[in-house]
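Visitor: Letter by letter, the chains look like this.
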Amino acid sequence: MKKNHFPVTRIKFSVSIFPILIISLLFLAIASFSVPYSYAQETELIRSQETHQSEISDLTASYKSYLARYRTLENQYQVSVSQYYQVQTLASLEKAVQDVRDTMLIRNQVLSTYLKILRLTLTDTHGATITDKNLAIANLQSMEGKLDDYQKSLESTSDRVNLQLKIEEFAEMEDQIESVSYHALGLIAFGRLQTAYDQTVSLLDLVNERVEERNSGVLLSEKQRAISEIREKLLSTKALLDEIYQDNLTQEDNEYSSSSYSRLLRDLDDVYVNMLQIHGYIEEVLK
Amino acid sequence: MNEMEFQDQTFFSANQPILDDGGSLDEQENLQPAPVKSKKKLIIIIAISLVALVFILTGVWVMTRKSQSDPQTSILAVPSASPTSIDTNDVVFERLDQLEKTIDVAEPRSDKLPFPPVRMDINLEED
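In the order they appear, the protein sequences are chains Y and D.
Using my numbering, the letters of the first sequence correspond one by one to residues 1 to 287.
Using my numbering, the letters of the second sequence correspond one by one to residues 1 to 127.
One should not assume that every hint holds.
To be verified - On the chain D side, residues computed to face chain Y include the following (Cβ under 10 Å):
hint, residue
1, THR88
2, ASN89
3, VAL91
4, PHE93
5, GLU100
6, ILE103
7, VAL105
8, PHE115
9, ARG119
10, MET120
11, GLU126
To be verified - Restraint-style ranges between C-beta atoms, simulated for each label pair:
hint, chain 1, residue 1, chain 2, residue 2, range
12, D, VAL54, Y, GLU209, 39 to 47 Å
13, Y, ASP175, D, THR88, 50 to 58 Å
14, D, ILE43, Y, SER57, 55 to 63 Å
15, Y, GLU229, D, THR88, 17 to 25 Å
16, Y, THR129, D, LEU57, 45 to 53 Å
17, D, LEU57, Y, LEU276, 47 to 55 Å
18, D, VAL54, Y, SER65, 49 to 57 Å
19, Y, GLN246, D, ARG119, 30 to 38 Å
20, D, GLU126, Y, ASP270, 41 to 49 Å
Simulated from the structure, these hints should not be mistaken for laboratory data.
C-beta atoms are modelled at their ideal positions from N, C-alpha and C, and glycine is treated no differently.
Based on the sequences and whatever the hints tell you, model everything.
Guide: Structural data, given as structure tokens:
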């Protein structure tokens, strides 16, 4: 009889544990799916950044190759034009027209590739105002489109008269190309220092926590005074950054040039020096 | 109750029908002996467990594939340091190193993307 009683007890025990077992297994199954899902989302974000990095690397390689080709063709075109003016023959004119056209084509590829590199680099750069960044990216895209159209029309040009028209057409785009490029370059240069500033602010909070954890008495007071000093330096750096942005990157006429960019870099140099000094101070506090 | 009586009673309980002949189908299922019922339940549990196991293994496989396809994070991605897994001290120094790199990259004078050194005034005129 005892033999009959024992299985009944075991079955009852098993039945009560079954729902728990099933629910546990289902939770485990869901968890095992949700982990790779969230991991996939994170890696997707990283991959999108990696894609830009890899695209930028590919474009940089193409850019260097186009630039090398451009240098060869530029020398060639100067010789051809010079010869044409010396000999004044139809054959030399034909050669000059061809060489000018080929040099213009490769220059177009150099510029177009450069704008793409700038656009992707700017996309990956944080720290600039999102509105200005989006505007600069849109301008770069628009200019890339114009250069693509120009490339196509230039490829079908072979006579001197039409080539002259293409030369004039490019002269009208020249300032725009430079302006969108220097605007983007300015935002990249500014964004990188702004990112360094942002990282320093968040790091300083951690440093403060660590100092409070590990020090006491006079040493703690000394380090806290040092952190206050760093905060002051950061505040003045932020004010400087804002001023530089206002002065150099919010031009109403949207005309940026080599000289305006040089001025911006000169101004940003002060911020850079401040950031180096702050980094040194933090190292000192952590000693 | 002596031992004989007890044996008779339990013998009767074990062999008597639980329901009358007129019971429903469900009720008739209950007529099955306990070991048969537990066997059925066991089969169901094993089937569910197998399905869950397949889910788990698929999840693990997907995660392994992902980790293999993303061996390295971008230099632009800020490393996520978890204070729970890494000592605060390590996090501070890791971020200090990261900051040093960011400042190096941000040096304004080291212009890594200079405007292309191309002639913008190419024409058919002699220089």
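Visitor: The structure should be examined with respect to each hint, and the outcome stated for every one.
Guide: Outcome of the hint check:
no.: 1; hint: THR88; in the structure: 6 Å, holds
no.: 2; hint: ASN89; in the structure: 6 Å, holds
no.: 3; hint: VAL91; in the structure: 7 Å, holds
no.: 4; hint: PHE93; in the structure: 7 Å, holds
no.: 5; hint: GLU100; in the structure: 6 Å, holds
no.: 6; hint: ILE103; in the structure: 5 Å, holds
no.: 7; hint: VAL105; in the structure: 6 Å, holds
no.: 8; hint: PHE115; in the structure: 6 Å, holds
no.: 9; hint: ARG119; in the structure: 6 Å, holds
no.: 10; hint: MET120; in the structure: 5 Å, holds
no.: 11; hint: GLU126; in the structure: 5 Å, holds
no.: 12; hint: VAL54/D x GLU209/Y: 39 to 47 Å; in the structure: 46 Å, holds
no.: 13; hint: ASP175/Y x THR88/D: 50 to 58 Å; in the structure: 53 Å, holds
no.: 14; hint: ILE43/D x SER57/Y: 55 to 63 Å; in the structure: 58 Å, holds
no.: 15; hint: GLU229/Y x THR88/D: 17 to 25 Å; in the structure: 22 Å, holds
no.: 16; hint: THR129/Y x LEU57/D: 45 to 53 Å; in the structure: 48 Å, holds
no.: 17; hint: LEU57/D x LEU276/Y: 47 to 55 Å; in the structure: 52 Å, holds
no.: 18; hint: VAL54/D x SER65/Y: 49 to 57 Å; in the structure: 51 Å, holds
no.: 19; hint: GLN246/Y x ARG119/D: 30 to 38 Å; in the structure: 35 Å, holds
no.: 20; hint: GLU126/D x ASP270/Y: 41 to 49 Å; in the structure: 46 Å, holds
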